[in-house]
Amino acid sequence: MRDPTPPLTLTAITDRTRTYIRDTFLYMRPDWPLQDDDPLFGSGVIDSIGVMELIGFLQSEFGCTVAEDEITERNLGSIGAIARFVHAKCNADGVRAA
Amino acid sequence: MCGLAGIARRGPGGVSAERLERMADAIRHRGPDGAGLHADERVGLSHVRLSVIDLARGAQPMANETGTVFVVYNGEIFNHLALRGELEARGHLFRTRSDTEVLVHAYEQWGERMLERLNGQFAFAIYDRHAGCVFLARDRFGILPLYYAERDGDLYFASEVKALLASGEVERALDPEGLDEVFTFWASLPPRTPFRGIRALEPGCCARWQDGRLTIRRYYALAYPEAASESADALEALDELLHSAVRLRLQADVPVGGYLSGGIDSSIVCALAAACSPHVLRTFSVTFEDPALDESMYQQAVAAAVRSQHAVRRIGSGDIARVFPDVVRHAETPLVRTAPAPLYLLSGLVGEHGIKVVLSGEGSDEVFLGYDLFKEAIIRLLCWQRPQSRRLPQLLDGLYPDIAPAARKGEFWRRYFLAAGAPGDPLFSHLPRFLLTARIKDFYSAEFRAALGRFDPLAELRGRLPHGFGTWSPLARATYLEMTTLLSPYLLSSQGDRMAMAHGIELRVPYLDHRLFEFAAALPGRSKLRGLREKDVLRRWARGLLPPAVIGRRKQPYRAPDVPAFFDGRPPEYVEALLDPASLARTGIFNPPAVAGLVRRCREGRALGFRESQALVAILSTELWHREFLGAPVQASAALTAGVKAAAVPASVAA
Chain V
139 MRDPTPPLTL
149 TAITDRTRTY
159 IRDTFLYMRP
169 DWPLQDDDPL
179 FGSGVIDSIG
189 VMELIGFLQS
199 EFGCTVAEDE
209 ITERNLGSIG
219 AIARFVHAKC
229 NADGVRAA
Chain L
749 MCGLAGIARR
759 GPGGVSAERL
769 ERMADAIRHR
779 GPDGAGLHAD
789 ERVGLSHVRL
799 SVIDLARGAQ
809 PMANETGTVF
819 VVYNGEIFNH
829 LALRGELEAR
839 GHLFRTRSDT
849 EVLVHAYEQW
859 GERMLERLNG
869 QFAFAIYDRH
879 AGCVFLARDR
889 FGILPLYYAE
899 RDGDLYFASE
909 VKALLASGEV
919 ERALDPEGLD
929 EVFTFWASLP
939 PRTPFRGIRA
949 LEPGCCARWQ
959 DGRLTIRRYY
969 ALAYPEAASE
979 SADALEALDE
989 LLHSAVRLRL
999 QADVPVGGYL
1009 SGGIDSSIVC
1019 ALAAACSPHV
1029 LRTFSVTFED
1039 PALDESMYQQ
1049 AVAAAVRSQH
1059 AVRRIGSGDI
1069 ARVFPDVVRH
1079 AETPLVRTAP
1089 APLYLLSGLV
1099 GEHGIKVVLS
1109 GEGSDEVFLG
1119 YDLFKEAIIR
1129 LLCWQRPQSR
1139 RLPQLLDGLY
1149 PDIAPAARKG
1159 EFWRRYFLAA
1169 GAPGDPLFSH
1179 LPRFLLTARI
1189 KDFYSAEFRA
1199 ALGRFDPLAE
1209 LRGRLPHGFG
1219 TWSPLARATY
1229 LEMTTLLSPY
1239 LLSSQGDRMA
1249 MAHGIELRVP
1259 YLDHRLFEFA
1269 AALPGRSKLR
1279 GLREKDVLRR
1289 WARGLLPPAV
1299 IGRRKQPYRA
1309 PDVPAFFDGR
1319 PPEYVEALLD
1329 PASLARTGIF
1339 NPPAVAGLVR
1349 RCREGRALGF
1359 RESQALVAIL
1369 STELWHREFL
1379 GAPVQASAAL
1389 TAGVKAAAVP
1399 ASVAA
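Those sequence lines, one after another, are chains V and L.
The opening residue of the first sequence carries number 139 in this note's numbering; numbering runs sequentially from there.
The opening residue of the second sequence carries number 749 in this note's numbering; numbering runs sequentially from there.
Mixed in with the good hints there might be a few duds.
For the chain L half of the interface with chain V, some residues (derived, Cβ under 10 Å), not all of them [unchecked claim]:
#1 R845
#2 A976
#3 A980
#4 E1159
#5 W1161
#6 F1182
#7 L1183
#8 V1343
#9 R1349
#10 R1351
#11 F1358
Simulated from the structure, these hints should not be mistaken for lab results.
Here the structure is a predicted model, which is why all the values come from computation and not from measurement.
Ideal Cβ placement from N, Cα and C applies to all residues, glycine included.
Construct the complete structure from the given sequences, taking the supplied hints into account.
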């Protein structure tokens, strides 16, 4: 029997992540110019406590468990990086809405 | 300690007793034991007294024999007996045993140069009738407060801002730049205050008012002439200085107690005091229901070791929120932490036990490099010097043990420190803290941003650093910044004098005996911070004095709950009222939708980091402060740009 929920596309992951980051970390600065490849950390959008919250979001939203050695700027340093990481990491199982 | 207030008129208009009494009433909490005033055609002085030395005869204002020199004074001159002997040898006649009288005769004998001879914590005003001048002075480190305002050549001065406002002649208005400094450094930097037109006399400065003109002069500057190596007799010298600093601060005609945090600094002070005190030492601590903040095990160990009679104020759910409005009223400034609130409750406990004077361990972390910030600065510097090292950035993971372990390691944690600025910036050591604190400004309203214009508090601070600052060692620069941006304007004020004096308690700080500071400033940096071991010389000296567990204990930052203090359960009514969008819009400083987002996160228990907790405390305290001192403006923009003239003294201030 086929899974009725299709895998999420890279674009869908990007959109949800962007919305989450704006709602969670930039709610006080809706004017903050954040592009998908802008750094989240050097620019101060997210701090290290926020990283823990972000990882919780990735788990609950995409069912994507992030190992400790995967908590790097390469994987989580921008909205685009997060989307690519989540998409690639979970692609084998299919990334679906949690 | 006490409170003082006064007015000096350029013209012969006089100062009414009623006005002086109103000013004194506003700071009655600083001196519940008595009050006095002096007024003539030019100058009025008022004083409220906390009787500590020569209880029967130390009333103020105090004059010389001929009635030409008057003093109102808040504080203690710890070497007053030695100075008195010197002055008596020069023919001065004393009528009391008080240190106040020493100031009168010291001024007669040495004029303004008297300041160099004082070992103490003080703020005073001397009226010299012959010269027609008023001389104001504040101690070297800013332990005690002194504010002033000028209007048309008249001078207003007082221990607290509320006394100036109670005069009815000093404008009530906010200074956006003063607020912006609070949201950068945790406090406005003297001479600036959050009140427009009201200045704080800088630590180590004096001022002379004559013919309607005020001239300010620095008489003491922090200096760090670090030696290349520690002298062989350093521990012996430290021993003598610590004993002397504590012994001098036990002088009083009332029993002296001690604050006991459980850390090495207050433990040393209490151990020395217990050994020297003629009474069984009374010690006082706060403990927290939250085990992550609680130090009671160490407090009890030290209390048992020094055989003190120990009392504890346990801070439970709701305590901080309950007293926070009073805390802000006494602090007279917005705050970014709730940490003053437990100290307010602690001084209440001291008062309940009939003690008027307590020794504190404050100042040691600055003098002997106790804070993780100093380690952080050195690690960051090394990372810049050896960018290829993978090991050095990992040292940052060992800092700030009060932060959740999962959040203080890895690339993002390190990035926070390493991206904060380069070593060429004179503020290098403090940039992570300054930039983190400044995130409060994300919540500013558009109109408040506009009122600030291009004001840049960091650029202004860079521009006022002392000559030669760039040649100092990195640790000396960091210490200077810590003492001038945090110790004096926040720790000694909002957490120190104000919270203690709210209950009429005098704090004495042995580590800020200027001889001890100068000794430590001349030690090599590694005597204080050896590798990453803080306060090394102090720990070496304290072996055998304290339980080993206390000596070997790592510095635990003093913290109090921030967001949970207000949102663990239903927030108090005043919190809901102050954070209401309409109320925020009336004040005009913060952006209501942004604050609504923060409130939502607080209610959901998701505001866990410093950025949001400091923002909540800042917003709440600013709204409380505004309501208390400025009243609710009719139009926010008018309050920001034009200020609000006081029509009458609010009952809470004049009561």
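Which hint numbers does the structure go against, in order from smallest to largest? Hints 1, 2, 3, 6 and 10 not satisfied by this model.
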